[in-house]
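For the record, the sequence lines run as chains A and B.
Count the first sequence with my numbering and you get residues 1278 to 2109, in order.
Count the second sequence with my numbering and you get residues 22 to 505, in order.
There could be a bad hint or two in this list.
Among chain B residues calculated to face chain A with C-beta under 7 angstroms, some are [claimed, not checked]:
| hint | residue |
| --- | --- |
| 1 | P79 |
| 2 | G175 |
| 3 | A235 |
| 4 | L270 |
| 5 | L287 |
| 6 | S293 |
| 7 | S314 |
| 8 | S369 |
To be clear, the hints were calculated from the coordinates, so they are not data collected in a lab.
Even for Gly, the Cβ is constructed at its ideal location relative to N, Cα and C.
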Amino acid sequence: MFRRSLLALLVLTPFASSADPKPTFTAEQVKFYTDSVSPILKANCLKCHGDNPKKLKGEFDLRTRAAVLKGGESGTGAVPRKPKESLLVQAVAHTKKGYEMPPGNKLKPDEISTITKWVELGLPVPPDALGEATAEHPKKKEPTPEQKAYWAYQPVKRPTPPGGGHPVDAFLDAKLATKNLTPGSIADKATLVRRAYYDLTGLPPTPEQIDAYVNDADPKAWEKLIDTLLASPQYGEKWGRYWLDVVRFAETNGYERDGPKANAWRYRDYVIRSFNTDKPYNRFVQEQIAGDELPKAHPDDSDPVVATGYYRLGVWDDEPADPLQSKFDGYDDIVSITGQAFLGMTLNCARCHDHKGDPLFAEDYYKMVAFFRDIREHSNDRNLKTSSNQTDITPFEQRKLYEKDLAERQERTVELTKQIVAIEDEAIKKMPAEDQRASEGVDRPLVVKKVPMFLDEAKKKQYSGLKRQVEDLKRKPSPHQELALSVNNCDPTPPATFVNVRGNPHANGAEVKPGFPEVLGFTEPTIPPATKGAKSSGRRTVLANWLTDPKNPLTARVMMNRIWQWHFGKGLVPTANDFGKLGEQPTHPELLDWLAAEFVDGGWTLKRMHKLMMTSSAYRRSSAAIASNMKADPANTYLWRFNMRRLTAEEVRDSILAASGELNLSKLGGPSMYPKLSAEVLAGISHTDKKAHWPDSPKDEQNRRSVYAFVKRSIQVPLLVNHDQADPDNSCPVRYTTTVPTQALGMLNGEFTNEQAELLAKRLAKDAGPDVAKQVARGIRLTTGRVPDSAEVAKDVAFIDALRTKHTLSEAKAMQQYTLLLLNANEFVYVD
Amino acid sequence: MSQFCGRTRREMLWQTGGAFTGLALTGMLSRDGFFNAAAASEARSYVSPLAAKKPMIPAKAKAVIFLFMYGGPSHIDTFDEKPKMVGMDGKTVEVKTFGRGGHKNQGRIVEPRWKFKNYGQCGKRVSDLFPNVGQCVDDIAFVHSMYADSPIHGSAMLMMNSGKLLSGSPCMGSWVTYGLGSENENLPGFVVMLDKTGGPISGPKNWSSGYMPASYQGVTLKASGTPIFDLAPPPGVTREQQRQLLDRLKEKNDEHMKSRADNSELAARIASYELAFKMQQHAPEAVDFSKESKQTLELYGIEGPTKDRTADFGRKCLLARRLVERGVRFVQIYSGGAHNDDNWDAHSDMERNHNKHAGNTDLPIAGLLKDLKRQGLLDSTIVIWGGEFGRQPTAEYAQGSGRDHNSYAFTMWLAGGGIKGGVSVGETDELGSMPVGDKFHVKNLHATVLSQMGLDPNKLSYFYGGLDQKLVGVEGADPIKGII
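Given only the sequences and the hints, what does the whole structure look like? Please build it.
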């Protein structure tokens, strides 16, 4: 019966379309809707698609016919009389992956056929459920003029400082004056020297270094100190670590095997080296984004390709439940980091829907994905001809050795292969005739698979041994060969990129080309065609050039804000990874712009900017409170004083080693070291062979700076993680400062601090001789930089005496408890 | 005590429309200049980030004990009886499976190896693997149509613990302590006890606080000896000696703070040493079972004829009760660790594997439920049992009875904390391969736990990476209504 009326409808109104504003239906059809369709929709669908019109899932409304036809985020909801083409039917029948509806509960077969019939009938409804006809395709989304006018999207214009003197102070002081805040006094020299050392090198100054500065009467002493510290290799070790936080640096993939990312340390060294050599930031960005496509500065210049290790630092699931999803999760990782690290844009929020706060649309997100589509997925493939993530960077001279190596290897492989073939031929002779025959042609590999069945035990062993040797030769890197974690063997002609509807890679929407976020108003790029033999698409070079285009409103601002934050404790925009509306607004927008302009005009070099910030009075102010200011601006938003801070996780560990005299500063870079972990900590990992996953390094290696500690996703060093080390799975723009009792337990009772306390005690005896008071004074000096007064020393000596008399400790043990106390003091882990 | 230095208000505040009040919030606000100086000075004293907070919505439960059967226990061999499979052993059937071995369309049936019996007033049928848990079925709600997004351990573990397949998000215990704090500041709020064979895959990622501060991460606890890492002073150092050290340390820190009185971080750090000292006293007391009666120890299988097998898990269960009693918010106990048959991952021999793991845990789990009940704690404590997924009805290999992973359908059960007893929701097909009718995602389980704890799963959020992140994801999820 329905069939008949359907046919009638088709014949009578063959051209009725969804655009038809007033379709008419028979009473019978309407009754079908009211009796059969409507109850299904009410019971199963309207909860998310109609009951709450303000919160429609996927913007899809099922209340009216017009709304169904219009559809939601995924496009047209139904095509009248064409159930197979109708998303609604595909969704309830589960014939389109990613759209299975209702979520978790498939409709009963008869319910599905009712919905199908309804569409076949042209979606009849009573007049009150017709709804208003709307345009079939929503208009292309565009940012409004208001959205475009947002401060962060405006070009950087260099403002004139509102006063003379140091430009930084001119901007800050003007604001302090309007807020009626009194700027604090300049800190004393002893405070400043400790502040500068920790700030630029992450290490405490030695007493001698303190004295050298304090006693330097040269009016240029402060500038000289800054220059010296910026020139020390420890500067890069400290500042490189900041960048590693932002780009989620880790050396393993995470998940079940948590396998190593071979040669990830080269990226870490590249970052440290870039800071130390004051590599212009625009170049630093370009190398990370497109180093593999950039010309080399000289034939052995491996920096650019090592820099592309940037893409390989994220988590990678080597056995994903949904490979396509995983592939696009990989792109999401890259887009998230690139957006946040360089642009302060949370583009990642536009993966599934348009951004909730900023004018960033799903198209913007997928246009960005398209830039990276030539990067092939991470894999364990170590063959350099095909690997997506290892590149040979062996220097030319060394390559000669390595090529000799290769030739020898080649020779050996030929020899082994001969032996293998001989055994195979022997076995093939014992096989049935058809196999023998097949072995003479292209099917030989298939036949060869059966070979072991035709060998005796001894031969079988020999055969597999030979094959293993050949495999080993293929796989084993030559000792002369240097490899870098990087992108490699990219796709010169990447596949098309589509908007993934609701972020679902199984649901392709419109195709997009590589392009920039619409709101920034740049002309869409043209991608030059890939040259013959190219190993990548050239898209990323276009992106890199755009990121570092002086007209890009975000790149310089975002980096200057980070540098400011790392000096002053809080960014001018406190949300360093998010310059959007959901982030915080700048406290000093003009200063930020002035810094950004100065940065770019000065050739994007950082050391100059460090010095500029550090020579301001604002940087040199005391951290002491001023009562009147505390009322008006307790959070020090306007920088009337310097922000006191706790040492970072790495600084805590490095400072302990520095105090005990054990810190090994001689080795810069190279493969990571493994600080000793207790059996209890290792018990937390699933791997049975704990040592294979965390081999203790030799002592002098362990005593290297914490930036060189291996970053394994599934094993953390308690001392570091308890002091808020960055979590490597996400970009970390700002470290937390949390204080919990388990920190205190580790610092008081942990093996590391107790060992170091013992060594510090020995050092004091060596440095200060047998006099306990002198040892105490030296201990305080080493751990705080301060020369203690006699009263303080006397009290500490009394403490040591009490341990000896009341608790009958030996002199050495008592002194060890005292040095442990020094390492636990607030003054040791806080910098004014 | 969490100071969120340099953090923004948005990133540190609960995005709940001010549903939360409480000391920790006051402390953080004052640091960020939210309040005037007078209010700030009141909040200057030590405030733990784990200070107890009021629930957002009326709470049924105060604590969670999650018994994590790592590796994936077979639902059809435990609580989801499949009578039609009896007699079908070895038959090849058409069935869509997806496990470690990839997608398959048919397989050889492995008939459940254990008999099922009626238990309790509700008559729930439970297999012979869990005769003791069987006695508790009137307090248990079974969810038979659970499903997850991955049949691979690594990502499935992360999903069960953090709601996401991708690494880097806070775990359920972190969310609960973030939302509610802990009622005992002398103990960690979120504790994890591992199997003696090792941690699960991904190790600390399973109790990580992800993008939240480290104060919300799980602390691993041992049920014997020194329970917390670095809790005991090193050999040769006495408590009195350490007290002397702390006294002098406090004097020095007070001296240092004199000219920096406005900095609440310094006060927090001073207080944290005192707390650590108290923790040294209270944590060992929690693992000191000497005052527990013989009958209690037997109830958990710590003593008695099965103790060689059950004492280990039993101690953890008893410790869980003692922790909950002391106000700890979230306790997770792993049955199974490391790889392969060290956990419930029965790929080769169902009987050998499940007899071992069920045999080690059945009595202790029943003991825990009974003990919680008689102590009056079950009403306010949610006990969760289950793994990261279930197992397939068919064999994985040509030989043997091993089953591959099944994330399409599996069983989890909950008890206590306002969860209905003696009910079963959701069904699977005749083979237990797929759900039939209503099915429940891991997120629904998470939503159920959060809402019983007084946290609105669709509102409890943390602003990170430009998004209001939630345990149940941006799309949200509803609690499983049939069991609450």
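Results of checking the hints against the structure:
Among the interface hints, the one on P79 of chain B is violated; its C-beta lies about 23 angstroms from the nearest C-beta in chain A, farther than the 7 angstroms criterion. Satisfaction of the interface hint for G175 of chain B is found here, the shortest Cβ-Cβ separation to chain A being roughly 3 angstroms, below the 7 angstroms cut-off. Proximity of A235 of chain B to chain A holds as hinted, the smallest CB-CB distance being about 5 angstroms (cut-off 7 angstroms). Among the interface hints, the one on L270 of chain B holds; its C-beta lies about 5 angstroms from the nearest C-beta in chain A, closer than the 7 angstroms criterion.
With a least beta-carbon distance of about 5 angstroms to chain A, the hint placing L287 of chain B at the interface is held under the 7 angstroms criterion. About 5 angstroms separates the beta-carbon of S293 of chain B from the nearest beta-carbon of chain A, less than 7 angstroms, and the hint is met. The interface hint given for S314 of chain B is broken, as the beta carbon of that residue sits about 30 angstroms from the closest beta carbon of chain A, more than 7 angstroms. At its closest, the beta carbon of S369 of chain B sits 17 angstroms from a beta carbon of chain A; the interface hint therefore is violated under the 7 angstroms criterion.
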